[in-house]
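*Asks:* On the provided structure of chain A, position chains B and C as indicated by the hints.
Protein chains in written order, with the working numbering: chain A, 114 to 564; chain B, 569 to 635; chain C, 950 to 1132.
To be clear, the hints were calculated from the coordinates, so they are not data collected in a lab. Every residue, glycine too, gets a C-beta built ideally from N, C-alpha and C. Do not rely on the hints blindly, as some may be mistaken.
What the hints assert, rightly or not - Partner residues aside, some chain B positions facing chain A, computed with beta carbon under 7 Å:
{"hint": "1", "residue": "N576"}
{"hint": "2", "residue": "G582"}
{"hint": "3", "residue": "D597"}
{"hint": "4", "residue": "W599"}
{"hint": "5", "residue": "Y601"}
{"hint": "6", "residue": "L630"}
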Amino acid sequence: MAAGHGGPAGYTVTELALLTDRQPDLRLPRLLAGISYYNVAGLRDHEQQYGPLPLWGTSGRRRPGRLIDVVDASGLTGRGGAGFPTGRKMRSVASGPGAAVVVANGAEGEPASCKDRLLLTRLPHLVLDGITLAAHAVGAREAYLCLHGQETELLNALDEALAQRSRAGLDPVPIQLTGIPGRYVASEQSSIVQYLNGGPAKPTFSPPRPHQRGVHGRPTLVNNVETLAHLALIARFGDRWFRGIGPPSAPGSTLVTVSGAVRRPGVYEIEMGTPAGQVVTLAGGAAERPAALLVGGYFGAWLPAGAAWPVPMSHAALKAAGGAMGAGMVIVLPVSSCGLAETARVVRYLADENAGQCGPCMFGLPALADAMADLAYQGGRGRALERVASLAGLVAGRGACRHPDGAVQLVRSALRAFESDARWHDHRGPCPGVARAPLLPVPGDADWDWA
Amino acid sequence: MNYELRVNPIACHGHGMCAELLPEIIELDPWGYPILVSTSVPHGLLDHAKRAAAACPTLALLVNKAR
Amino acid sequence: MPIDLHGPGMWYATRAAGLVTLLLLTASVLLGVMTTGRLSSDRWPRFLTVGLHRNVSLLVLVFLALHVTTTVLDTFVTIPVTAAFVPFASSYKTFWLGLGTIALDLLLALLATSLLRNRLGYRSWRRVHWLAYACWPIGLAHGLGIGTDRATTWVFALTVVCAAAVAAAAAWRLVTAARLGTR
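Same shape as in the complex, but just chain A:
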């Protein structure tokens, strides 16, 4: 636990901590404390578990700007994948010209991630509290909660939750539920902003970024729903409480989705900085001997199991180890599977999901997918590996969004983590692991012919 130290505007951290009448528990679970496997937490259950929505006022210790200071001091970073400091984002949106807009991104595009879905189905009021508090802090007059449009049940459930809150007079800025198209690139933040502005759900060229000019040309705060859920608790229990777990450089807790060859796949709440191996143990341990871990989802990176096991789950530590945190997914690949084949399938999916806007991505990603498939399934006659590497170099960084970069990061990490396999494939053809049933979830995979 950190003692008082310098925070923004000369206040020490302890001074900014809110005093509450309940002693908030520092241990886990925090977000998932109110979760029930059978019921959705209604408004009353929510208030009983976490306390009522802390009513921030207009002046004194509870004025809006102070909440931004508290979030800053807490060290909360975005949980949608980029890990950007939330307080800094809020401050820049609040100081922009005109009334701000808050957008909660609940459109979980990653097939292997379910944490946002869990929050929205089981603990919706945490997220909705977070949106209202963020809107208050940045002076927003419009707020949106975005989900994939095909999630009709979820949208109806959230509608009801919002109705409950409006009867209790909770959200001064009404939260508008919006369904966005179910494509992978649609959940990127500039895609959502363009869609809310009446355009297609495709990424836009920046500048300007959403926090400068976003929805209706106004400074827009786009946050992942988990980030806003954390914000809801920080507003109640303070920054010192948030920093009570996790290393100083990566404080707090986070949700991770564990899947693949583990005994109990699912969403777990962990302390930031928990070693990846311990996360796998939490999920019941590996079901078979692990060969590698895919951390961070389809824009993340493969790490060989031995190297990955002790690496702390935080943005900085994973990056230093040649991986990526992404939106907190851990997929365990067993030795009997072929990492190259799994990667080839994912890259094919990512290539099909390109927005069709930028030449290098539209043409380069399918070519990269072809080359990976060649390497994984045909054996390259000694040239596939080289072709994959050169195409990867040609595609990275040349699109308007990070879609091609994410795919390239995945491919390059696969070539590193499965280096000896790749050389074997290149000269001798596919390994037996290729025939094993696919592990990584890829929507629409059944239609593809992998002969």
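*Replies:* Positioned in the frame of chain A, the structure of chains B and C alone reads:
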């Protein structure tokens, strides 16, 4: 005053005039889209860079003052 | 040497300038189609197509100015200056002259937006530029309808050649647009 070169990949339709007019800095990939060998424009090439930007049918090449 | 504003000199000048305008405008349309169709070779780079398109279009304006000026100055028929910019404002061959006026107005819109492209942005510029496909046939109709040289075989033949060239280019453009996607 340094100038930098940038391509708007969404506006770019791969016409390729930029690579013809500024071959020192712009090459084309196998699909006809520009690759910027460097993002800063040496002073002697500034006029050529501006001409290349004006020639782009979709205004996808941008020559901006470096910050 | 005084210019005879009454004699046939002005009339020949108008017809000549009009014909050259038609030829240059046809060339401009063809070069424009070549630009979007990405036609190029080792000896004919793309910047040449786009540069020629721009310069030929500006030259169209020069000959059009000549055509309009000589028409207005010609005292054989009274055509007020306003008729050059306001359609159907002349009493002489109101309809066919009016078409010419419309074509001129469209051309001015095309040129102005193209010169201010950087300020306007690509999308607005593009939307106005589609009017080129209206400007050319209206200009052609003006030339044919006004009837002055319809009986002259070589002029008529030249007009037909221009029409055929633009028709072929437009057809080709439709085919390649389907192939390249909606670009």
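*Asks:* Next, verify each hint and record whether it holds.
*Replies:* Taking the hints in turn, this is what the structure says about them:
1. Interface hint status for N576/B: upheld, as the beta-carbon distance to the closest one in chain A is roughly 5 Å, under 7 Å.
2. Hint on G582/B holds. Least Cβ distance to chain A is approximately 5 Å, under the 7 Å limit.
3. For D597/B, the interface hint holds, since its Cβ comes within 7 Å of a Cβ in chain A; the closest pair sits about 6 Å apart.
4. Of the supplied interface hints, the one on W599/B holds, with its beta-carbon coming within about 4 Å of a beta-carbon of chain A, less than 7 Å.
5. A distance limit of 7 Å between C-beta atoms decides the matter here; for Y601/B the minimum to chain A is near 4 Å, and the interface restraint holds.
6. Given the 7 Å rule on beta carbons, the hint for L630/B is violated: about 10 Å separates it from the nearest Cβ of chain A.
Hint compliance for this structure: hint 6 alone is broken.
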